Structures are given as C-alpha cells and as structure tokens.
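Using the sequences provided together with the hints, build the complete structure.
Chains R and F are the protein sequences, given in the same order. So for the first sequence, our numbering puts the first residue at 1; every next one is plus one. So for the second sequence, our numbering puts the first residue at 73; every next one is plus one.
Hints in this document: simulated from the structure, not taken from any laboratory. Being a predicted model, the structure only gives us computed values, none of them experimental. Note that beta-carbon positions come from the ideal geometry of N, C-alpha and C, so glycine has one too. Do not rely on the hints blindly, as some may be mistaken.
To be verified - As a list, the in silico DSS-like pairs of lysine-lysine whose alpha-carbon atoms are at most 30 Å apart:
{"hint": "1", "chain 1": "R", "residue 1": "Lys-3", "chain 2": "F", "residue 2": "Lys-363"}
{"hint": "2", "chain 1": "R", "residue 1": "Lys-48", "chain 2": "F", "residue 2": "Lys-363"}
{"hint": "3", "chain 1": "R", "residue 1": "Lys-3", "chain 2": "F", "residue 2": "Lys-289"}
{"hint": "4", "chain 1": "F", "residue 1": "Lys-359", "chain 2": "F", "residue 2": "Lys-292"}
{"hint": "5", "chain 1": "R", "residue 1": "Lys-59", "chain 2": "F", "residue 2": "Lys-169"}
{"hint": "6", "chain 1": "F", "residue 1": "Lys-180", "chain 2": "F", "residue 2": "Lys-169"}
{"hint": "7", "chain 1": "R", "residue 1": "Lys-3", "chain 2": "F", "residue 2": "Lys-292"}
Unchecked claim - Chain F regions said to be covered by chain R (calculated; three or more residues, Cβ under 8 Å):
{"hint": "8", "region": "182-193"}
{"hint": "9", "region": "282-289"}
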Amino acid sequence: MTKDEILQIIANTIEVDSVDESLQLNDDIWDSLAIIIFIAAINQDYGKILDPQGVFSAKTAKDLIDISMQDL
Amino acid sequence: MNSIKILSERLVNDFWHLVGHKSEVSNNQDFIKFKLHNREIVVSNDNGNLLAFDNICPHRGTRFFIETHGTKSITCPYHAWTYTNGQLRIPNKKAFKNCDIDSADINKFKLEFCGDFIFVGINPKTSLINQLSDLKPILEDISFNISTRLDFDSYSFECIFPIAIENALESEHVEIIHKNTLSVLELQQEGEANFFGDNISWNAIVGNEKTNNNLQKISKLFNIIGQYQGYQTYFIHPFAMISSTYGYSYSLQNFFPGDNNVTNFNSRYYPSHAKDGRESIMKFFYKEGVKMNEKIFKEDADICARVPQGSWSIEMPKYSRDIDDRLRFYRSTLKLILKEGANK
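Here's what the structure looks like:
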C-alpha cells in the first residue's frame, strides 16, 4: 500500500481523475456512502478493514492516508 | 358511529397485520409490543414458539409489558401469573376453588408468517395468502434479505391514521417536507405504482446521479434477492409500509389507529445481509440510515399533525395530481370496506 495508491482510491471514490494530500473532505464529497465505498475499496485491495468512525472524522486526504497506513 | 371509528374497527379486526420480523424475537422471551386501536398486542418467543396475545393478564387485567420491546418472561408483575412453555402458571392455584380456574388463559391471537415476516390477526375474514395476493413472493424475498433489527421507534402521530398513510402514499410533499432528508435522492416523481389486491408497490429511480452511482458501487457488498436499483415502497394493507433504497436496508412502519385523532406509529430499521466479513463495514452506513429515517418520520409526523380530522373524508380528494393513483386507490379501498366490510 503506497500513498499514491490510496490517493487514487480516494479519487475513484469521489469520481475525479486525481487528488493530492491537501484535499479537504467536506460534506459535499465525503458523505456516508463515500466513506463506505472508500472502506470497501481498501478492504478489497488490501484486506484491511478501517474503523468507519476514523474515516468519518478525517478532514483531509492526508488523514485518510495516515489512517489507512496505520499499523502496516 | 363515525366512519373513522367503523373503519378502524373493521381494519383492525378483519385483516392480518404485518407487525415485525422473526429476527426481532429470535431468542427465548424476546418480545415486541404494539398498540392497535384500543388494545395492546404482544408477540413473544415462548421457548422457540412465537405467540401473539393481548397484553392483559386474565387475572386482574394488569398489563404484562410496559416497554415496546425487549427480553422478559410473560409474568404479570401484580400476582406473578406466568405464561411459559404453552401454559399459564398460577401461583397457589389451589386457593381458587370456587371459580373455573382451569379455563384461565392469556387471550391469544392468530399468528402467521410470510417468509420471515410476522403477521397477526384478531379475527381475520380472509387468509393471509389471499390478503397479500401477488405481493406474497415479493415480501418473502424482502424478509429473507433482512438480517436483524437495529432500531425500534414508537410514538404518536397527532392525526387519524388515513392522513398518516396517505402522506406515505404520495410523493408530492417530499421536496418540501423532506427538503434536507429524503429529497436529496431526487426521486423521480411519477415512479411506477403496482397494485396487488389491496396492497401497493411503488418504485422510483434515484435522480441524484452522484448518489445513484455511489449506491450502485456498494452493491458488491451485498447479496440482495430481487434487488431493485432505486427507491421502493410497499403498502401492506391495512397499516404497514416498507421502504428501501436499493434493498441495502428496509424500514418497516406501522400506522395503527389510536384513540381520538391519534395514530400509533412505530418504525423498525432492518439492515440486509452483507457478504461475509462486510457487516462491520456497513455498521456506519446503517447508523446514518437510522438517523436519517428518524428525521424523515418526525418531519412526516409534524406535517400530519397540521391536518385536522375534519379535512379528511372517505370521498375522493377534490384535488389530486394525475400521478397520485396510490392515494386514490387507497381511498377507494377504504370506501369499499366501509360499505361492504372485509368481504368486499
């Protein structure tokens, strides 16, 4: 799992071509469905199940990278 | 007697009522309770056997249960009369010499299943199969999709039951009343209504493209039987509604007649079976779903409370949109029942 791979999963989740670490996860793009899609993608690609509450609390794409790469 | 009172009595007594799902009473002593017109009905698990009965002890008329649901023995708190293993146990029974104490029993009602859905009948004039008509196989599939119950909410709508049900049967109010909740799905207004006996289904496409795409994406987390990729509601005559978006979860709502201008409302939230290992991922989604449904039903309760009893009549509404065929169908059904009873 690399930072770029996670950024691509975030981009796929919110249906844009690419994102960078500074992306702000506001309510318009980061709703409960997006959270589930992101968690399911991480689970499918890396077999890891992220804590939904942690993903919900993330404010930026960097937060999501940190959460995803925790304990690796 | 006014028409609402006659209708309430006929609908309550003469028809089957969808009251819940087997998963809610899967363990010994699990129970759910409903207020249906002027009586309370309990469905309880008695060592693996489900039974429905009046929430009144035959001894002195005390209510067995106060809570709407839980896990407790059927024991009267007054003198400890207890129903277990199919029998009423009476403490110090020998002391009741000059009365036919052996005839004492709880007042049971009929109970049947459609798939894993539980139906209760007080004195139904038709079979459950007849009443459900061609909706039966659809309801069975839905019941098998359900994994458990996450939420049980119960309160009163300050209006008569047809006002609450008609509100659930028309989509015209959605954009205004549910502006920040249900409306975000941007449901196709016309939808597609189908009629099965006295029951109604309605399918509507989710018009919000982004939400619809996201809903499609999580489809792989589930094994939904008979999935409709959109929003669906089912009116299960005479008092139940089931609604669902993509079948990922189901909401059951009961609009039972209450006393004096009140509808006894209760709602349940049932998640569907997620594929192995995915249940924990979906927990967050379901939590949000429960919150959203609570808001939607409160919005409905608030607006229904503004419609006085005198605003409703058994006649066709004077003004209704061409697409509100569900509302007109419901009213014509009630009119027939009022005129001819359950054997219409």
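Here is how each hint holds up against the structure:
1. Lys-3/R <-> Lys-363/F: violated (34 Å)
2. Lys-48/R <-> Lys-363/F: Holds. Lys-48/R to Lys-363/F sits at ~27 Å (cutoff 30 Å).
3. Lys-3/R <-> Lys-289/F: holds (23 Å)
4. Lys-359/F <-> Lys-292/F: holds (20 Å)
5. Lys-59/R <-> Lys-169/F: Status violated; Cα separation ~74 Å.
6. Lys-180/F <-> Lys-169/F: holds (25 Å)
7. Lys-3/R <-> Lys-292/F: holds (25 Å)
8. 182-193: Result for this restraint: violated, n = 0.
9. 282-289: holds (count 6)
Hint check: violations occur at hints 1, 5 and 8; the rest are consistent with the structure.
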